[in-house]
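What follows is the residue order along each chain.
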Amino acid sequence: MAELPSWRTINHACIVFQPGNASEYLTGDWRSRRPELDKEKCVRCGRCWMYCPEPAILWDEVGGYTFDYRYCKGCGICARECPYDAISMVEECEE
Amino acid sequence: MSRDRVSLEICEACAEAVRLADVDVVAAYPITPQTHIAEVLSEMAADGKMEAEYVNVESEHSAMSVCIGASAAGARTFTATSAQGLALMSEMLYIASGLRLPIVMALVTRTLSAPLSIWGDHSDAMSVRDCGWITLFAENGQEVFDFTLQGFRIAEDERVWFPFMVCLDGFHLSHVIEPVELIEEEEAREFLPTYKPKYRLHPDQPVSMGCFAMPDYFSEIKKRQDEELKASYDVIIEVWREWESRFGRSYSPIVAHRTEDAEVVVLIAGGYAGTARLAVDEMREKGLKVGLASLKLWRPFPLEDIRKTLGHARLVVVVDRALSVGGAGGPIAGEVRSAFFHEEKSPVVASFVAGISGRDVLRSDFEAMVRKAFEYLDKGDLPYYEMFGVRE
Ligand code: SF4
Ligand code: SF4
Numbered sequence: 001m002a003e004l005p006s007w008r009t010i011n012h013a014c015i016v017f018q019p020g021n022a023s024e025y026l027t028g029d030w031r032s033r034r035p036e037l038d039k040e041k042c043v044r045c046g047r048c049w050m051y052c053p054e055p056a057i058l059w060d061e062v063g064g065y066t067f068d069y070r071y072c073k074g075c076g077i078c079a080r081e082c083p084y085d086a087i088s089m090v091e092e093c094e095e
Numbered sequence: 096m097s098r099d100r101v102s103l104e105i106c107e108a109c110a111e112a113v114r115l116a117d118v119d120v121v122a123a124y125p126i127t128p129q130t131h132i133a134e135v136l137s138e139m140a141a142d143g144k145m146e147a148e149y150v151n152v153e154s155e156h157s158a159m160s161v162c163i164g165a166s167a168a169g170a171r172t173f174t175a176t177s178a179q180g181l182a183l184m185s186e187m188l189y190i191a192s193g194l195r196l197p198i199v200m201a202l203v204t205r206t207l208s209a210p211l212s213i214w215g216d217h218s219d220a221m222s223v224r225d226c227g228w229i230t231l232f233a234e235n236g237q238e239v240f241d242f243t244l245q246g247f248r249i250a251e252d253e254r255v256w257f258p259f260m261v262c263l264d265g266f267h268l269s270h271v272i273e274p275v276e277l278i279e280e281e282e283a284r285e286f287l288p289t290y291k292p293k294y295r296l297h298p299d300q301p302v303s304m305g306c307f308a309m310p311d312y313f314s315e316i317k318k319r320q321d322e323e324l325k326a327s328y329d330v331i332i333e334v335w336r337e338w339e340s341r342f343g344r345s346y347s348p349i350v351a352h353r354t355e356d357a358e359v360v361v362l363i364a365g366g367y368a369g370t371a372r373l374a375v376d377e378m379r380e381k382g383l384k385v386g387l388a389s390l391k392l393w394r395p396f397p398l399e400d401i402r403k404t405l406g407h408a409r410l411v412v413v414v415d416r417a418l419s420v421g422g423a424g425g426p427i428a429g430e431v432r433s434a435f436f437h438e439e440k441s442p443v444v445a446s447f448v449a450g451i452s453g454r455d456v457l458r459s460d461f462e463a464m465v466r467k468a469f470e471y472l473d474k475g476d477l478p479y480y481e482m483f484g485v486r487e
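So the protein lines, in turn, are chains A and B.
In terms of my numbering, the first sequence opens at residue 1 and continues consecutively.
In terms of my numbering, the second sequence opens at residue 96 and continues consecutively.
Read the hints as simulated data drawn from the structure, not as lab findings.
Even for Gly, the Cβ is constructed at its ideal location relative to N, Cα and C.
Hints may contain errors.
[To be verified] Quick look at which bits of chain A chain B covers, simulated, 3 or more residues with Cβ under 8 angstroms:
no., region
1, 16-23
2, 42-49
[As the list claims (entries may be wrong)] Every beta carbon over 12 angstroms from chain A, so not counted as near; a handful from chain B, in silico:
no., residue
3, Q237
4, C306
5, A308
6, E399
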């Protein structure tokens, strides 16, 4: 970890000058339950993708929707919103 | 230098200073006794006398939020409020300071309810004592005009970048018509050039403001805020000196009157200092060695000036227009005591709470407080504080 700044060198008003650096923060660390997709049930409506509060659901023409577990925090919103029950939440420790 | 003095209601004088400051955005929600400031500014904007965007917001929380957004985008911004309005925007006051945005606000001081009161005291100002704004108390209309204009200059100085609040007593100042010396638009431009923010929300140089900070950063951020708010003192003094050379009126953190040889000094902030000054002169005629300290600068707290002005006195009578309910003294008295706690020679600090919710404090009341404090001192039973003039 880089050395932490002193009060003299910390950015004025804690302004962040590097755009988009929130992506360095991996919210996937928070997850206790993991969404899993049943590709048989999924109709690719995109509802989960719209509701996901993180950039954790990815779209790809060929493979359809997949989860990016680096950012998925396990909130379960996608599972709740899916009209076809294609997503189930699985306890991380149950593996 | 002699200038014309014009009769203005003090709220109007404040609005005139805002117009001369060439603000970009005003966002305000009307509340008694601040209303006339909002009213006059909205008229000026509607009539094209001021090239500012006047945002009619639905609450004071929104008023401060609009100011924060506008200021973050680089606009010169102003708002005004009172009492419950200030309480409602208090969340955003901390944010304005944390983001170091040079917003200027007039706080027309009024009692915080309940029971409902529209009258003046300093309970609202004291409730946001720790929010990190530069805070001044004005004693008269001229000071309201001068401090408001100076506020933009001080707040926007790159050594400062703090929001700035000028407190003026509800009704006793806000609604009083006084002669005020104005300045010309050109003079105002020279004194207060266009605001050029170093950091602002702009796509050419993207920045994020007000981000999340983990505990291993927060203390350093607060320490920097604290050190820099204290350091703004020097800039305030510098701007006051310049103001004096331009316009002939001088200011200091505490304006002292007959304190040099005083045995007892009365200290008060705001408009009631005017009455106190007359009371001091009367007491002097009666042979009492009394002086007055009119406190102008509240944040950053002028520790050294307090020590210098009051240090030689035997007794300091602090009159607070706010009660710290269940506390150890009036808010100003508490800080004055702290200023002397480590000093070898310290005056006794008597704390009276008076002038709550617009109740008059007469010349005779100031004398009564001074005499009472001496009595307590002689008997050796000075209370931590006393609410003066309350019916038993
Ligand atoms: S909401 Fe359900 S059906 Fe729609 S794309 Fe997501 S997983 Fe597939
Ligand atoms: S669990 Fe939450 S964060 Fe993870 S993919 Fe679903 S909606 Fe997104």
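Structure-based check of all given hints:
For the region 16-23 of chain A, the proposed coverage by chain B is satisfied: 3 residues have a C-beta within less than 8 angstroms of a C-beta in that chain, meeting the threshold of three. For a cut-off of 8 angstroms, the count of residues in the region 42-49 of chain A with a CB near a CB of chain B stands at 0, and the three-residue condition is violated. With a least CB separation of 33 angstroms from chain A, Q237 (chain B) remains clear of the 12 angstroms interface cut-off, as annotated. Look at C306 (chain B): its CB is around 5 angstroms from the nearest CB on chain A, not clear of 12 angstroms, so calling it non-interface is violated.
Not every Cβ of chain A is farther than 12 angstroms from the Cβ of A308 (chain B); the closest lies at roughly 6 angstroms, contradicting the non-interface assignment. Even its closest Cβ contact with chain A, about 23 angstroms, leaves E399 (chain B) beyond 12 angstroms, as expected for a residue assigned away from the interface.
Hints 2, 4 and 5 from the earlier list are contradicted by this structure; the remaining hints agree with it.
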